[in-house]
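Participant: The lines below spell out each chain.
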Amino acid sequence: DAKTTQPPSMDCAEGRAANLPCNHSTISGNEYVYWYRQIHSQGPQYIIHGLKNNETNEMASLIITEDRKSSTLILPHATLRDTAVYYCIVRAPGSARQLTFGSGTQLTVLP
Amino acid sequence: DGGITQSPKYLFRKEGQNVTLSCEQNLNHDAMYWYRQDPGQGLRLIYYSQIVNDFQKGDIAEGYSVSREKKESFPLTVTSAQKNPTAFYLCASSDGLAGVEVEQYFGPGTRLTVT
Chain H
1036 DAKTTQPPSM DCAEGRAANL PCNHSTISGN EYVYWYRQIH SQGPQYIIHG LKNNETNEMA
1096 SLIITEDRKS STLILPHATL RDTAVYYCIV RAPGSARQLT FGSGTQLTVL P
Chain B
351 DGGITQSPKY LFRKEGQNVT LSCEQNLNHD AMYWYRQDPG QGLRLIYYSQ IVNDFQKGDI
411 AEGYSVSREK KESFPLTVTS AQKNPTAFYL CASSDGLAGV EVEQYFGPGT RLTVT
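First to last, the protein sequences are chains H and B. All residue numbers for the first sequence refer to the numbering used here, where the first residue is 1036 and numbers rise by one. All residue numbers for the second sequence refer to the numbering used here, where the first residue is 351 and numbers rise by one.
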């Protein structure tokens, strides 16, 4: 699975959009980009995933560059409850594949 | 109300004792996983199971053992051979459909402290 690079921390004002970047320059053609988040002392929560098209769900939007070497997770209107560590994970499809978590980005939403 | 339950949330043990962490899921998922998380770090895979009565070692299996006698249950035993057992343990499951990209669902975790 491709390696990912994320900034260790970011701040965002409450009500503003939070844009979390992820670099995955060695991504292969069949690898998906996944985003999870982990609120302190809880289990990680799935947010969104995509292959090459931009994706949107009730939680967030995922923007993947045309060359697929980087992506951005967008939380359109961040709230204090969005404060968490956000993990960007790249992996190939297949059943029962483990997720390789890096250190992620600590997002702090400020009041 | 479907999901993954882990119990207990906090567990304290003396060094040299084996301890078993519980993980139950009612999502009818085939695959289950155990991860370990140390402070300020990402998750590391201990063991995973794709189907009942089958499991494979992950990256850090030494000092741990698992069983998968039922689809809904995947208990983890932390043995006295595990050198640094104090950590946050997370159980997850996924629908093991071959070739289909699926997300993993995580339990709330068990924080184990060994003194």
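These aren't lab readings, by the way, just hints derived from the structure by calculation. There could be a bad hint or two in this list.
[To be verified] Simulated restraints, written as ranges between beta carbons of each label pair: (1) B:THR427 - H:GLU1101: 31 to 39 Å; (2) H:THR1061 - B:SER417: 18 to 26 Å; (3) B:LEU377 - H:ALA1052: 46 to 54 Å; (4) B:THR427 - H:ASN1089: 15 to 23 Å; (5) H:LYS1104 - B:SER423: 25 to 33 Å; (6) B:TYR360 - H:ASN1089: 35 to 43 Å; (7) H:PRO1042 - B:ASP445: 42 to 50 Å; (8) B:GLU412 - H:LEU1086: 12 to 20 Å; (9) B:ASP445 - H:ASN1089: 23 to 31 Å.
C-beta atoms are modelled at their ideal positions from N, C-alpha and C, and glycine is treated no differently.
Participant: Take a look at whether the Cβ-Cβ distance between LEU377 of chain B and ALA1052 of chain H falls inside 46 to 54 Å.
Facilitator: 32 Å, violated
Participant: Does the beta carbon distance between THR1061 of chain H and SER417 of chain B stay inside 18 to 26 Å, or does it fall outside?
Facilitator: 37 Å, violated
Participant: Could you see if the CB distance from TYR360 of chain B to ASN1089 of chain H stays within 35 to 43 Å?
Facilitator: For ASN1089 of chain H against TYR360 of chain B, whose Cβ atoms are near 41 Å apart, the range 35 to 43 Å holds.
Participant: Do the Cβ positions of ASP445 of chain B and ASN1089 of chain H conform to the proposed distance bound of 23 to 31 Å?
Facilitator: 25 Å, holds
Participant: The hint says 31 to 39 Å between THR427 of chain B and GLU1101 of chain H; measuring C-beta to C-beta, is that right?
Facilitator: 48 Å, violated
Participant: Hint says 42 to 50 Å; check whether the CB-CB distance for PRO1042 of chain H and ASP445 of chain B agrees.
Facilitator: Roughly 32 Å apart at Cβ, these two residues miss the hinted range, so it is violated.
Participant: Could you check the hint for me, namely that GLU412 of chain B and LEU1086 of chain H are 12 to 20 Å apart, CB to CB?
Facilitator: Given about 35 Å between the Cβ atoms, the range is violated.
Participant: Looking only at beta-carbon atoms, does the pair THR427 of chain B, ASN1089 of chain H fall within the given range of 15 to 23 Å?
Facilitator: 44 Å, violated
Participant: Note whether the CB distance of LYS1104 of chain H and SER423 of chain B lies within 25 to 33 Å or breaks it.
Facilitator: 41 Å, violated
Of the numbered hints listed earlier, those contradicted by the structure are 1, 2, 3, 4, 5, 7 and 8.
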